[in-house]
Structure formats: structure tokens, C-alpha cells
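Take the sequence shown: its letter number 26 is residue 136 in the working numbering, and every next letter is one higher.
Source of the hints: derived by calculation from the structure; they are not laboratory data.
Any given hint could be a false lead.
[Stated by the list, open to error] Here are the simulated lysine-lysine pairs, DSS-like style, with alpha carbons at most 30 Å apart:
#1 Lys-178 to Lys-167
#2 Lys-167 to Lys-151
#3 Lys-151 to Lys-178
Just so it is clear, the structure is predicted and the values come from calculations on it, not from any experiment.
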Amino acid sequence: MIRVTIEEEDNRIQRISITGDFFFYPEEAFPQFEQALIGVKADEEAIREAVNLAYEKLGVVSVGVESKDFVAAVMQTLRGRPDA
């Protein structure tokens with residue numbers, strides 16, 4: 111399970127918090143992973159690009175979830191916002 115909290119302004123992610131039941135290695139890279147989504151346009155293609163780039167750049171290995179699962183969780187949260 112992945113839980114995402116997002117603050118969005120001008121169709122860009124301003125703040126994001128990702129929590130849940132998953133393993134993420136290296137653990138110390140997780141704040142950088144979240145930071146990689148700050149400023150990203152709030153659309154699926156841009157989020158997918160940012161997540162995949164962060165996985166590659168940070169050397170991420172996630173157990174129980176894949177990059178696409180993070181993208182899906184972010185998009186679900188964005189779709190649930192009042193102005194969606």
C-alpha cells in the first residue's frame with residue numbers, strides 16, 4: 111500500500127509525502143526520491159518520467175512495489191483533489 115499527500119499549485123507538485131508498506135533501498139535516498147517530484151507537472155507522463163529518472167539516478171530498489179505503483183498512487187491522489 112502506498113499513501114500519498116500532495117500540495118499542488120499551478121498544476122505542479124509543490125509538496126509531496128509518500129508513506130506506506132513497502133521497502134525502499136537505499137533508505138536514505140527516499141527524501142531525494144520525494145524531492146525529485148517537487149515542481150513536476152501534475153500529469154501522468156511527467157510524473158512517470160520523474161519517478162523513472164529518480165529510480166535510475168538514485169539506484170533505487172523497491173521490494174513489493176515498482177516505479178509504476180508510485181506513479182499510480184500519485185495520480186490517484188491528484189485525481190481525488192477537489193478541482194480534478
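Subject >> Non-conforming hints, listed in increasing numerical order >> reply: none
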